[in-house]
Structures are given as structure tokens and as C-alpha cells.
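**Student:** All chains, full assembly: derive it from the sequences and hints.
Heads up: the sequence lines are chains V and G, in that order.
To get our numbering, take the position in the first sequence, counting from 1, and add 15.
To get our numbering, take the position in the second sequence, counting from 1, and add 1145.
What the hints contain is simulated information worked out from the structure, not anything from laboratory work.
A few of these clues could be false.
What follows is a set of in silico ranges between Cβ atoms, one per label pair, in the way DEER data are often shown [unchecked claim]:
| id | chain 1 | residue 1 | chain 2 | residue 2 | range |
| --- | --- | --- | --- | --- | --- |
| 1 | V | V290 | G | D1283 | 47 to 57 Å |
| 2 | G | R1534 | V | V325 | 20 to 30 Å |
| 3 | G | P1290 | V | L297 | 44 to 54 Å |
| 4 | G | D1216 | V | G77 | 25 to 35 Å |
| 5 | G | R1534 | V | L384 | 56 to 66 Å |
| 6 | G | D1283 | V | V196 | 40 to 50 Å |
| 7 | G | D1283 | V | S161 | 46 to 56 Å |
The list that follows gives simulated cross-link-like pairs (lysine to any residue, SDA-like), each with its CA atoms no further than 25 Å apart [as the list claims (entries may be wrong)]:
| id | chain 1 | residue 1 | chain 2 | residue 2 |
| --- | --- | --- | --- | --- |
| 8 | G | K1439 | G | A1424 |
| 9 | G | K1439 | G | L1480 |
| 10 | G | K1439 | V | V264 |
| 11 | G | K1439 | G | D1385 |
| 12 | G | K1439 | G | A1357 |
| 13 | G | K1439 | V | T119 |
Listed next, the stretches of chain G that the computed footprint assigns to chain V, with coverage defined by at least 3 CB atoms under 8 Å from CB atoms of chain V [claimed, not checked]:
| id | segment |
| --- | --- |
| 14 | 1186-1200 |
| 15 | 1235-1242 |
| 16 | 1452-1459 |
Nothing here was measured: the structure is a model prediction, and the numbers come from that model.
A virtual CB, placed ideally from N, CA and C, is assigned to each residue, including glycine.
One letter stands for each residue in the lines below.
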Amino acid sequence: MNRILLAVLALLAPLAAAPAAAHTQSYGFLTVTTTADAIDGTLALAVRDLDAAVGLDTDADGSITWGEVRGREAALAETVLSGLRLGPPGEPCALVPAPLMTDTRGGEPYLVLPFRADCAAGGDLEIGSDLLFDIDAQHRLIATVSSDGATRNLVLTPAERTATLLAAGTDGFKLFLGFVVHGAHHIWIGYDHILFVITLMLGAVVERRGGRWVPVGSGRDALIAICKVVTAFTVAHSVTLALAALGVVRLPSVLIETAIAATITLAALNLVFPVVTRRLWLLAFGFGLIHGFGFANVLADLNLPATNLVNALVAFNIGVELGQLAIVAVLLPGLLLLAHRPLYARTALPVAAVMIAAIGTAWFVGRALDVEILPIG
Amino acid sequence: MTRPSDRLSRGRHGAHATVPIAAALAVSLTTLAGLMPAVAEPVRPDDDALVLATVPAGRAAAALPVRRRSDDLAGAVAEARAAIEAGRTLSDPRLYGRAEAMLSPWWAEPEPPREVRVLRAVIRQARHDFDGAVTDLDAVLAETPRDGQARLTRAFVLMVRGEAAAAAADCRMIPPTAGPLPAAACLARAAALTGRGADGFAHLERALALDAGASPATRRFALAVLADLAAGLGRDSDADALFSAASEDGADVPLLAARAEHLLATSRPAEALALLEDAGDADTLLLVRAVAAKRTGDPRLDAWAALLAERFAAAAAAGVGVHRREEARFRLEVLDDATGALALALDNWATQKEPVDARLVLAAAVGAGRPDAAEPVLAFVTATGLADRRVLPLVARIEGETP
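**Tutor:** And the structure:
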């Protein structure tokens, strides 16, 4: 008596037994082979699942025959392939079906649909499916992707319907470089991280004296102060990025995203209503820990190959640092020039801080409640 | 424009899932691959009359109704409940998946409506998320302590987790409106798990005799629990009679599996095979069949073993971990791989602590020559006083071997 539900169901209405069939969890199998200019694949779905989705028993006699399937083969193939997305990220290729076949997996009858796409798929590959997830929340699409002689496995679920496979370099350096680019790219499109770094820099070139912000001694002092906060931020987010990417710590992404927005607001408010006035790098470090988890979520998107996890991690982090350095390099000269003007500490700094705090707050509310307040970020 | 949260949530099936899955797949495939049949190439049938599958008749183009509208709570709950019931009767995991899909408008809410929460707990336990199930049931019972279904479900989940004392407390709080039998069966089972099977048996037997008016489903359930108690007490002929009585007007898959397991445990594998003839190929039944075939030298063993291996490999590839108990048993009793079985049995023991789980660890530890590995189970048996006849001989054997 090892199935608990025996108990519960005593309280529920009994149900007439349905015809015996295979009873396993619902799995779909996708096999994909990519070359530089084409994608070949097969999609295998259980007859029973397809029936639940589109109704295969045309004559409603309780038997799904090959004739019933063959009679509507074209429409069926089109419906199925329209639920599948394969191709370069954001540009799914048009998939052309080949004749349907059948086989048996785990004792269950399956329909097997081969397909082909003539499209450039030598680079990164995005795989997505909406098939069956809305009917069976436990459906899993098991994908096996072969490209450049390497085979990788991934699983699509109702919550994770899309995955991106980076171009498999047999060339390890190319792969490494790919992750560097992803890291840098992420900083560039991650307005929240940019804004946080800017906030840190704005505050680093002033110090609190007599209840007011005044410029730090010299340009050299300002440079050192900026180096300190940026380094502290970098070290901190590297630590949490590694912890999260290696699976030591795992936090829900909505929590992280909301917390990141909060760090921006708090760091900006600190410039208007100062709490941390000395050792700004401590604040950079503490908040940097939170930003690292955000980077890790992006890294998780990229479907790391298990064997190259550490390499990819290092490369991604280098990319993040390079991107960050570029921001610093762009802002630094102007900031060093401005910081010495009385206008900076008295007007420009508080105005900028209030604006940043407002943006951070809007993001915070938007992410916490899952609504879109600002068009970006 | 893309918000970072969109950016981050899009296709987030990266490092988190892929890495452990790849590892599990590698392990699983290397060991099971030898068993699987040479991959049958898909073919294009040439006979239009070929039947690919049988489904309930009278349902032409209509899909199973799927509710995604969040304004029909009552309808969604009713359909999900029916799917769960059918899923239990047939031991069909897909139907739990469909129930979950029907509840999807509320599923991810931290505090969904009470009815959804109870069903979410039931679905969670079905896929062995026992902690998640208990969390839901705790919340439901904190609000409505007299919810009999939630109470009974939590009692049985706690028993699976090896917390029979806490379970008994829940059994006692099942409201009388549920009738006396559910509470009696619940208490009897909790008693059996703490070495008081004889008391439990007498109590439940009396309750069954007194409550002739209970619904057939409830009586069937109580009889099945009683049959299992008898088997655990070594009262084999009582168990036979009770399993037979419980199956009188048709047995569902869990009951069939329990009855076949009893036949196996009492060295009647041929009868187990006969019982399961034409009973479908739910994972649990297929496993019992394979074990019975192994013992009787039935020629169908290879085909069944290959089928099981294929299913375990698919589950591993999908990152689905609910089959550890079954896979441990498969390795131990079908593949004679006690070492592999022991690892899985111990892994399973971390979440499931029923007598069958204890027996698996003990038998695998004996088979692998690793009596030391059975320590957590021995400690559990001592602490709870579990005296199940299917477990005790192995305990004695290991204690005899350990200096």
C-alpha cells in the first residue's frame, strides 16, 4: 500500500476505469542536427498526447488508426511545427515537414515528424516549444542537439520553454570568447547595472564634510576613490556570480531583480540623505553581492556545457568587467572635470541622485508587482 | 523593450537544469544502455487500418478540456479533481500533469484558494514533493482545521516521510463527518508503522464490521489498508482474503500492485504474473512483472526489463526523479546490481520512509556486502519500533553481520 492517494481518494467520487494504455509521464523527444546552412531534426510526440491536444480519433470510435492520421497529415505537421521554434536567437527558421512516421518509446506509440530548415544555423541556436505544455504541466521536451560533432542535451518545461545553445566551438577559445562577449553585452543592455555603477561613481568623487558634499582632494584622489568602489563592486559580484553559477546558492530571479532595483534606489538616496559617507566601497561591495546573482541568471540562460562551466564562468565575468570598464572609461574624464566645480556637489549630484532613485523605485515596484512602469529596464 | 526580468526569465533552462541532467543522463545511460533494445527506427506504416492507440471513444476532435480562464475556479477544481482521481486509479502520471495544467491560473500563487491548495498538495505528493505538499496542507489546516481531506492527506504524507506519530495526531483529528472508516484506517496504519500493527489491525477490522454503511470506495480503501497490515504482520492468509475482498468489484492499479507485491513477498511469483496479465503497463505493474518474470524464468523478462530501462532513462534525461524507489528495486531484483541499487535506495530513503523503502535499503546493503550502509534504516527501525515482517528478517540479518 505504497500510494498515499489511496487514502485521499476515499473521500472523492470513484471513477469508471478507462481503457488500459501506457501510463508514463509525458515526454516529447526532439533531435536536432545543425550544420552551417541547415537544420535537420525529428520531433517525436506520443500519439496519446497529440490526441489530447488536437484530437486524432476523427471517427470517435476509440481507435486512432494510421489512416486517420495520414488523412490529415499536412495540417497536423503544420500545427505541430508551428509550436516549435528553432534557429538563431530571435529568428526562428521556417521548418519544412517530411513524411510522418511512427515508432514506440517506453512502450508507448509515438508519431515521429522529421523536418528540415534551410537556414543559417551555424551560430547560436535557440530552441523553443509551446507544444503540450498548456495541456500537461508535467510534459517535458527532451532535446538532443548535435552540431560541429558535439552533442548536447537539454530539457524544455512549461516554465522554461526556450533555451539557447551557444555555438559549440570545437575551438575552446572561440567558446571562451563567446562568453566574454555575452558578459560585456549583458552589461551594455543591463541598464540597471549601468545605472548602479554610475551612481557609485557619482558618489565616489565627493566626500562628506560639515554636513555637505565637497569634492575629494585632487583628481588623483577621485580616481583612487572610483577605483575602490568599482573594484569592491566587481569582487562582490564575482563571488556571488560564481556561487550561483556553480549551484552553491540559488535564489528566485524575481527576488534578485527586485533587490537589484532596490540597490539602485538606496545607493542614490544615500547621496541625498547620506547614511554611508565613509567607506563607500563597503556599500558597493554589499550591493555588488546582489548584482552577482543577477548576472548568474543571465549566465543560466546561455546553457553552459557542463564540462566548460568554470571556463565559461571566468569568461563571462571577464566580459562583465570589460563592459563595466568601458562605462567607467567613458564617464571618468567628464566626472573628474566636473567634480571640482561647486555646482556639482550642490546641484548636479542631488538632482541626478533623485532622478536615479526615482528610476530605481519604478523598477522596484514594477519588478515586485510584475508590471511595466518604465519602457526600459 | 525588454525588462531585465524578461531577459532573465526567458528560456532560463541553462546551467541549473542542464548540468545535473547531463550528469544523471551519463550515469543512467551508461549503465542501462546495454539493456535497451537496439533503437527501432521509425517506420511509415503502409496499412491505413493499423491501430496506433486506443483512447476513450466518442471524443473526436475534442481535446481534454483545459481551463486557463481564471474566472472559473469551481469548474477547474472539479475537472482537476476528476483527473487526479483517474490518475490515481490508473497510476497515470500524465493525468496529474493535466490536473496541474487545469489549475495553472492559480498554481504559482503563494496562497491560492483553499480547494486549489489541497489539490496542489495532492499533485505535489504524487510527484514526491512531500515537503511542498505538507507546506500547502499546513496552511490549509491552519485556516480550516476540520478539512477532512487535507487532514487525511497530510497524515499519509507524514507516514511516507516516516513521521508516524505526527500522522496519528492528524488521523485523530479527521472530522466525524468523513465517517469512522477513514480515521480508523489512518490510525491503524500509523499504529503499524510504530510496531503496533496487531492493535491497528484489530481496531480497523472492528471498524469495518461496524460500519457497513460506508461507501464502496471507502470500504475498498479500508480493506486495502487492512490487507497491507495483515501482510506486514505475517498473517498471509488473512492478507490474501482481504486483498481479494478489496478487489471484489474491480481493483485499481495501486491495489493490483499491492496485491501482486504480496504474492511476490510470499514466494508466489507465478500468481503475481497471472494477476497482472492484461492489467496495463503502468510503471509499478511493469516492475512487479519484471521481478516475477525474473524469479520464474519467464521469457518476457527481457522485453519488460528493456521497457523499464527505457523509461528510467527518459526520466533521467528529463530530470524527473520520482522513480528512485522503482529504479532501486529494478536494479536490485532484476539486474542483480546491488551496488547501484544501494545508492538509489539510500537516495530514496532521504525522502520516502515506508516499510518498502526500508526493505530496499536493507536488501541492497546485504546484496552489496555493505551492512554499514544500512545504518540510517536500522536507527529508524529502532526509533519507531517498526516491526513489519517484510523488514524485520533483513534487520536481524544485518545486525547479525555487523560486529
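**Student:** Against each hint, give a clear statement of whether it holds in the structure.
**Tutor:** Results of checking the hints against the structure:
Between V:V290 and G:D1283 the beta carbon distance is about 39 Å. The supplied range of 47 to 57 Å is therefore violated. In this structure the supplied range 20 to 30 Å is violated for G:R1534 paired with V:V325, their Cβ-Cβ distance being about 52 Å. Our hint of 44 to 54 Å for G:P1290 and V:L297 holds, since their Cβ atoms are close to 49 Å apart. Restraint check, G:D1216 to V:G77: a C-beta distance of roughly 34 Å satisfies the suggested window 25 to 35 Å.
Checked against the hint of 56 to 66 Å, the pair G:R1534 and V:L384 passes, with Cβ atoms roughly 57 Å apart. The hint said 40 to 50 Å for the Cβ distance between G:D1283 and V:V196, and at roughly 48 Å that hint holds. A hinted range of 46 to 56 Å for the beta carbons of G:D1283 and V:S161 is consistent with their spacing of about 47 Å. Distance check on the hinted pair: G:K1439 and G:A1424 sit about 19 Å apart at the alpha-carbon level, within 25 Å; holds.
The hinted pair formed by G:K1439 and G:L1480 meets the criterion: a straight-line CA distance of about 9 Å does not exceed 25 Å. Distance hint between G:K1439 and V:V264 is unfulfilled; the C-alpha atoms sit about 44 Å from each other, more than 25 Å. Under the criterion of a C-alpha separation no larger than 25 Å, the hint pairing G:K1439 with G:D1385 is consistent with the structure, at around 23 Å. For the suggested pair G:K1439 and G:A1357, the alpha carbons sit about 42 Å apart, so the restraint of at most 25 Å is broken.
About 24 Å separates the Cα atoms of G:K1439 and V:T119, which keeps this hinted pair within 25 Å; it holds. For the segment 1186-1200 of chain G, the proposed coverage by chain V is satisfied: 14 residues have a C-beta within less than 8 Å of a C-beta in that chain, meeting the threshold of three. For the segment 1235-1242 of chain G, the stated coverage by chain V is satisfied: 7 residues place a CB nearer than 8 Å to a CB of that chain, which reaches the threshold of 3. For the segment 1452-1459 of chain G, the assignment as covered by chain V holds, since 4 residues bring a beta-carbon within under 8 Å of that chain's beta-carbons and 3 suffice.
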